[in-house]
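2 protein chains.
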Amino acid sequence: MLVHELTTPALVVDARTLDSNIATMSGVRPGSRLRPHVKAFKSTAMARHVSIEGGHRSFCCATLREMEGMADAGLGEDLLLANETLDRERLGALVRRGDARVTVAVDSPETIAVAAASGAEVLIDVDVGLPRCGCEPEDAAALAELARSQGVPVRGVMGYEGHAVALADRTERHRSVQESMQLLRAAAAEVGADITSAGGTGTFDMHPDTDEVQAGSYLLMDTHYDRLGLPFTMALWLESTVVSVSPKGWFVLDCGLKSLGMDHGDPAVEGMQVFFCSDEHTTVLPGEGSATPSVGDRVRVLPAHVDPTVAYHSTLHVADGEDVLESWPVDLRGW
Amino acid sequence: MLVHELTTPALVVDARTLDSNIATMSGVRPGSRLRPHVKAFKSTAMARHVSIEGGHRSFCCATLREMEGMADAGLGEDLLLANETLDRERLGALVRRGDARVTVAVDSPETIAVAAASGAEVLIDVDVGLPRCGCEPEDAAALAELARSQGVPVRGVMGYEGHAVALADRTERHRSVQESMQLLRAAAAEVGADITSAGGTGTFDMHPDTDEVQAGSYLLMDTHYDRLGLPFTMALWLESTVVSVSPKGWFVLDCGLKSLGMDHGDPAVEGMQVFFCSDEHTTVLPGEGSATPSVGDRVRVLPAHVDPTVAYHSTLHVADGEDVLESWPVDLRGW
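Protein sequences, first through last, are from chains B and Z.
Numbering-wise, the first sequence is residues -10 to 324 according to my numbering.
Numbering-wise, the second sequence is residues -10 to 324 according to my numbering.
One thing to keep in mind: the hints can contain errors.
[Claimed, not checked] Facing chain Z, a subset of chain B residues (Cβ under 8 angstroms, in silico):
| no. | residue |
| --- | --- |
| 1 | 51 |
| 2 | 52 |
| 3 | 246 |
| 4 | 268 |
Simulated from the structure, these hints should not be mistaken for laboratory data.
All residues carry an ideal CB built from backbone N, CA and C; glycine is no exception.
Start from the sequences, fold in the hints, and give me the full structure.
Structure below.
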């Protein structure tokens, strides 16, 4: 199969760029120093590839579905649900299978009770500045004590500095990470933690004292992360077909709001200007000096945000040049 | 099954509101005067329900996958692909099955060649003001002649006034529709058309002279359409669970960028203020006078844009109060 034979819209991964991103990351954060986040690609085939090529054996998940699917695929050696869950039945069933090490983030008595009932290990999730999940740093020790009093093993702490990862200025980003990690380390000392877990693609090299970094976007990248000047290259594009060309100057692709995560804005087309996206269309204006393509031509669209883009697709096609080497099912979708 | 027993996030449809929306629409546009657009719900079970309750037997699709799935479900009596396609193999295979009437929009010699090769009937797609697909109105007759010269039956014209459907001011919206339909009727007269097909939920009652209106969002609605003062009520919500409550005042739901189409902005929560969405989280601030919910509570989230929201989900749960009556597979996803 060749790339131009794929039914469009189709997500295509450049195999060499992906492997280069894996190598760059594992050079800086080898083995268990990185916990790759499967939420960015939602594919057990890709997780297996990352594990083999990058040498990472512990993974990070955002949903119970991702945890279950990773265990199903034999990739359950050390799975962290870096998120709170209230679903004690499914968490308990996953633990009882016995083929996965299951750790879950907790930040409240309620989520600790779920971990206790299900037999999972925990990380105490600490609010380090992102207004989302996580307990107050000063409450971490009491929560750890509560967990231990219920027989729940506390492996350590996590604190995601999501407010810092996309700061455009590297110095400012670094300072923000340092502030957050000061809070996390203080909480870790109180908790008595084996593991500190934090970070993301934008801050992967700012965590000398953090045991493990949770990053996933570095593998495929997107136009949003591409602006940060990171040593990772965009490996993903949305292969699309020109379905209409207007004499008024625009042309229309067969991809749109149902094949692209839109929270970071419009996707990009090299040398062209994206006008707007509809459900199954993207209207594009040729850039200055660029020729308008013809009906039937293929155009590569670069997603603005990788995670919610991949979640719309059932397949990631892996290509070397024009050759489609493999087609990885996106088998971790849903909840 | 009760609604609060569903694994979250879960899309839930209020059965009575849905049926009220169906009745309101079929009262104004009965039978073939409406061609319900399946892109808004992507479910053959729901299409069948709309057909039975609303009395509509012709449907509109945005993708070949939707066309194929509707034919598979025995709903192929009169299917329009209201979109251009270059995929002559799949379109041809669909026509050759013989269990569906297949009509496709064309706006170029290339798309007419695809229709000719595959044996489909066509509507000439006319640009009536939305910068997307469609030929210039003055080129419609020549394209129709080209199609007929290749043995392609030309059923008529279509022209989607997408630039008008969401105009907030009804008078302005109406004037814009009238301008567009003047262009479409002129093209129809030149083409010699049996069918004029246009419109959407926002303009459904502004088409006295259009043979069929293409509307889908009226069935489930969203906060974007809800602002227009249409006689349709929001029938869809995203059932979510509170996974974290911060002493700083916010709380966090287990839904986010992968369960909500985001191109129209953040979703809404009644009486609350949505702060921001992450991949699998929505951070919410309690509204003035509203109590902060507790960890484990259920919260209903109202999507801003129905079509790209449904496309993230595998199931639409249909409920009457707390009772889940049916769970309809969202079986028309992908391409």
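**Report entry** Numbers of the earlier hints that this structure fails to satisfy, in rising order
**Finding:** Checked against the structure, no hint fails, so every one of them is satisfied.
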